[in-house]
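Novice: Given chain A, work out where chain B should sit, using these hints.
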Amino acid sequence: MSSNVLRFTTAGNVDDGKSTLIGRLLVETQGAFEDQIEGAKRENERRGGKGIDFSLLTDGLRAEREQGITIDVAYRYFATPKRKFIIADAPGHEQYTRNLVTSASTSDLAVILIDARNGVVTQSRRHAFIAHLLGIRHFIVAINKMDLVDYRRERYEEIRNDFMNFIDRLGGAAIYCVPISALEGDLVTERSARMAWYTGPKLLELLESIEVDDQQHKLHFRFPVQLVSRPPASAEFPDFRGYMGRVASGSIRVGDHVVVLPSRARTTITGIVTQDGPLQEAFARQAVTLTLADDLDVGRGDMISCEPQPPQVRTEFEATLCWMSERKLHLNHRYVLRHTTKTVRAIINEIDYRLNVNTLERESPVTEFQTNDIGQVRIKTLQPVVCDPYSVNRQTGGFIIIDENDDTVAAGTITL
Amino acid sequence: MVVGIELERVWLAFTTMTHDWTHLRELESESIYILRETVAQFRNPVLLYSVGKDSSVLVHLARKAFYPGPLPFPLLHVDTGYKFKEMLEFRDRFTKQIGARLIVHRNEDSIAAGAHPLKLGVARCCGQLKTAALLHALDKYQFDAAIGGARREEERSRAKERVFSLRDAFGQWDPRRQRPELWSLYSGAIHEGETIRVFPLSNWTERDIWQYIVQENIPVVPLYYAQERLVVRRNGTLIPADDSMHLKDGEVPEKVWVRYRTLGCVPCTGAVESRATTLEEIAEETGVAKISERSTRIIDHGANTMEDKKREGYF
Numbered sequence: 013m014s015s016n017v018l019r020f021t022t023a024g025n026v027d028d029g030k031s032t033l034i035g036r037l038l039v040e041t042q043g044a045f046e047d048q049i050e051g052a053k054r055e056n057e058r059r060g061g062k063g064i065d066f067s068l069l070t071d072g073l074r075a076e077r078e079q080g081i082t083i084d085v086a087y088r089y090f091a092t093p094k095r096k097f098i099i100a101d102a103p104g105h106e107q108y109t110r111n112l113v114t115s116a117s118t119s120d121l122a123v124i125l126i127d128a129r130n131g132v133v134t135q136s137r138r139h140a141f142i143a144h145l146l147g148i149r150h151f152i153v154a155i156n157k158m159d160l161v162d163y164r165r166e167r168y169e170e171i172r173n174d175f176m177n178f179i180d181r182l183g184g185a186a187i188y189c190v191p192i193s194a195l196e197g198d199l200v201t202e203r204s205a206r207m208a209w210y211t212g213p214k215l216l217e218l219l220e221s222i223e224v225d226d227q228q229h230k231l232h233f234r235f236p237v238q239l240v241s242r243p244p245a246s247a248e249f250p251d252f253r254g255y256m257g258r259v260a261s262g263s264i265r266v267g268d269h270v271v272v273l274p275s276r277a278r279t280t281i282t283g284i285v286t287q288d289g290p291l292q293e294a295f296a297r298q299a300v301t302l303t304l305a306d307d308l309d310v311g312r313g314d315m316i317s318c319e320p321q322p323p324q325v326r327t328e329f330e331a332t333l334c335w336m337s338e339r340k341l342h343l344n345h346r347y348v349l350r351h352t353t354k355t356v357r358a359i360i361n362e363i364d365y366r367l368n369v370n371t372l373e374r375e376s377p378v379t380e381f382q383t384n385d386i387g388q389v390r391i392k393t394l395q396p397v398v399c400d401p402y403s404v405n406r407q408t409g410g411f412i413i414i415d416e417n418d419d420t421v422a423a424g425t426i427t428l
Numbered sequence: 003m004v005v006g007i008e009l010e011r012v013w014l015a016f017t018t019m020t021h022d023w024t025h026l027r028e029l030e031s032e033s034i035y036i037l038r039e040t041v042a043q044f045r046n047p048v049l050l051y052s053v054g055k056d057s058s059v060l061v062h063l064a065r066k067a068f069y070p071g072p073l074p075f076p077l078l079h080v081d082t083g084y085k086f087k088e089m090l091e092f093r094d095r096f097t098k099q100i101g102a103r104l105i106v107h108r109n110e111d112s113i114a115a116g117a118h119p120l121k122l123g124v125a126r127c128c129g130q131l132k133t134a135a136l137l138h139a140l141d142k143y144q145f146d147a148a149i150g151g152a153r154r155e156e157e158r159s160r161a162k163e164r165v166f167s168l169r170d171a172f173g174q175w176d177p178r179r180q181r182p183e184l185w186s187l188y189s190g191a192i193h194e195g196e197t198i199r200v201f202p203l204s205n206w207t208e209r210d211i212w213q214y215i216v217q218e219n220i221p222v223v224p225l226y227y228a229q230e231r232l233v234v235r236r237n238g239t240l241i242p243a244d245d246s247m248h249l250k251d252g253e254v255p256e257k258v259w260v261r262y263r264t265l266g267c268v269p270c271t272g273a274v275e276s277r278a279t280t281l282e283e284i285a286e287e288t289g290v291a292k293i294s295e296r297s298t299r300i301i302d303h304g305a306n307t308m309e310d311k312k313r314e315g316y317f
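Protein chains in written order, with our numbering: chain A, 13 to 428; chain B, 3 to 317.
Treat the hints as calculated values from the structure; they're not laboratory data.
The reader is advised that the hints may include incorrect statements.
[Claimed, not checked] A few chain B residues facing chain A, derived, Cβ under 7 Å:
hint	residue
1	T24
2	E28
3	I34
4	Y35
5	R38
6	F96
7	K121
8	L122
9	T133
10	R154
11	E155
12	A191
13	I192
14	G195
15	T207
Ideal placement from N, C-alpha and C gives every residue a C-beta, glycine not left out.
Excised from the complex, chain A in its bound form:
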């Protein structure tokens, strides 16, 4: 969430040039090394190609080609003097839904690639929809392969308007469009004489400048407890008891009144401890240890929250669920649900509807989910879950479902 790191996801069809785009970004920002580039060159020549095929730089495991890794999101890194970038790269093939859900869950921005020859197709809409569902509110629409439509401005504007009309229906998103040719290098990291009609920022400039970090800091204070710290007595800490965690949202100051959930015990923050010295204040995403004025029964899975506007404590809620496993969802089957640092027993007792990600229509009645199905369900938990709606807080509104084989079979966002 910080302005110095941008986590973004890339999605696109199989042939719309996503690998080429990422490869070019890596090479032109020195996120790829010469020996890796040489390797990609050699591989391309072995396959009968010539020169460098940027896409081979991002070609991953042999296993993925042979048999397929379950979720094959690949993480790539590059940096410019302005920012560090973490790309969660989701493949364009048929297993797109669960991959895209996974990659979008950690991203603040999505780059949607559109082939200028084909314009906005079903898959483009599907990608934008799923990213939006996972809370992404910043989109860069990169209209690629402009070289194949003679760099025509009219074609770019036609596609841009088409996409804008669609995304308006989703609401609340900031959209940036840029015409590019990943293959020829136009408007990726370099300006383009062939598209002098385009005066906006090039793709890399957009990535460097779009601000995405406001959200988590402005929310109410939430601190899921990871561990209790009870070190052996020392001169400096004769009787230390602290609560380790990372601030999920908002900020906290020494002296603030807080409430511990689900017990609803009230107390005051007496210290914010780090090895680098005590702090007066801590912010979203900071890993700290808090000390409290009162000796309370607080443990892993509890949530320390600001006193006004605390999160909800629920044993029943509604959620949007993406089913990821090859084994289908069983209603009223006992699963394990993990949410923040809490693990509870849970059952999914009703499916309200399934979303058709192509038409965005709701299908019901439905009695089971299969791989890549997304829809609205009702969940009951044995112990209370301390949560916010995902649309308000991505850190305290998301959960995973684990089955008796210890596999993570689904991911969900709480709608309450």
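Specialist: Frame of chain A, contents of chain B only:
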């Protein structure tokens, strides 16, 4: 009134964040969170301490994560018998200084049988002295989670690695059984006999590592600093030549200004030509490095890829 205070606070939070919250703080915070999740979710974790720069950063982060408490897990060094003597000296001094519990494990049978890369080939030598030794140590001490310093940026096959990476009862990595990882929810659910490799530095790059070492003034093995050293040139790699047992017939050592970008076993770790003698100079050199660091590791060359090694249980 209340609204005024709230607004002021949001503004304060904002300005503080944008001034102090660097990408290194973000990475540090994420890694600390992962280390704490590991201790919370596993019965008997261990930190795989290779004495290299990534391990040094990892130990530094672990100390921060559990402050003011002690490290809640031991450090395990898999010693092949071919490690640089500077590494062993540093290891013993440093772990003593921070009061860490150090376990050194060696595959004594293979070492006694004279395992050497020039004799067995690199892949088999690694298999015996590193992979087998590591799996044996995990089993001997019944560790259920092994924390390592691997980074996704290091090598192509690591780009899809999970933060909590599942290994079966034979220590092997099965791509089909890796779990999806969403938000910051890492699942440590495992069956009896299975283990998890935890990679808290997943999102760090070599450049981040050096920048952080400079920022935090983290001690590292002197081999990372450039000085004149005896090396031989073999297939474009500069191999240390202090000990003639690692040389092939006809190879003539020469003195060159070099430093090491990664540290492994003496016969298989290549040096790079460099004049960087301070942390700042190293960080700067890394910022403009054009060759990936793993290119100096013989283990990654040849037909037996990193992916194969991972499948067999290599780190």
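Novice: All the hints need checking, so say for each whether the structure fits it.
Specialist: How the hints compare with the structure:
Here the hint on B:T24 is kept, as its CB sits about 5 Å from the closest CB of chain A, short of 7 Å. For B:E28, the interface hint holds, since its Cβ comes within 7 Å of a Cβ in chain A; the closest pair sits about 5 Å apart. Checking B:I34 against chain A by beta carbon gives a least distance of about 4 Å; that is within 7 Å, so the hint holds. Checking B:Y35 against chain A by beta carbon gives a least distance of about 5 Å; that is within 7 Å, so the hint holds.
For B:R38, the interface hint holds, the least distance from its beta-carbon to any beta-carbon of chain A being 4 Å, beneath 7 Å. Look at B:F96: its Cβ only gets to about 17 Å from chain A, farther than 7 Å, so that hint breaks. Using the Cβ-Cβ criterion of 7 Å, the hint placing B:K121 at the interface with chain A is not satisfied: the shortest such distance is roughly 28 Å. With a least beta-carbon distance of about 24 Å to chain A, the hint placing B:L122 at the interface is violated under the 7 Å criterion.
Look at B:T133: its Cβ only gets to about 18 Å from chain A, farther than 7 Å, so that hint breaks. Here the hint on B:R154 is kept, as its CB sits about 5 Å from the closest CB of chain A, short of 7 Å. The criterion of a C-beta within 7 Å of any C-beta in chain A is met by B:E155, whose closest approach is roughly 5 Å, and the hint holds. Evaluation of the B:A191 hint against chain A yields a held restraint, the C-beta minimum of about 4 Å falling below 7 Å.
Using the Cβ-Cβ criterion of 7 Å, the hint placing B:I192 at the interface with chain A is satisfied: the shortest such distance is roughly 6 Å. Annotation: B:G195 was flagged as interfacial toward chain A, and the flag is violated, the nearest CB pair being 12 Å apart, outside 7 Å. Proximity of B:T207 to chain A holds as hinted, the smallest CB-CB distance being about 5 Å (cut-off 7 Å).
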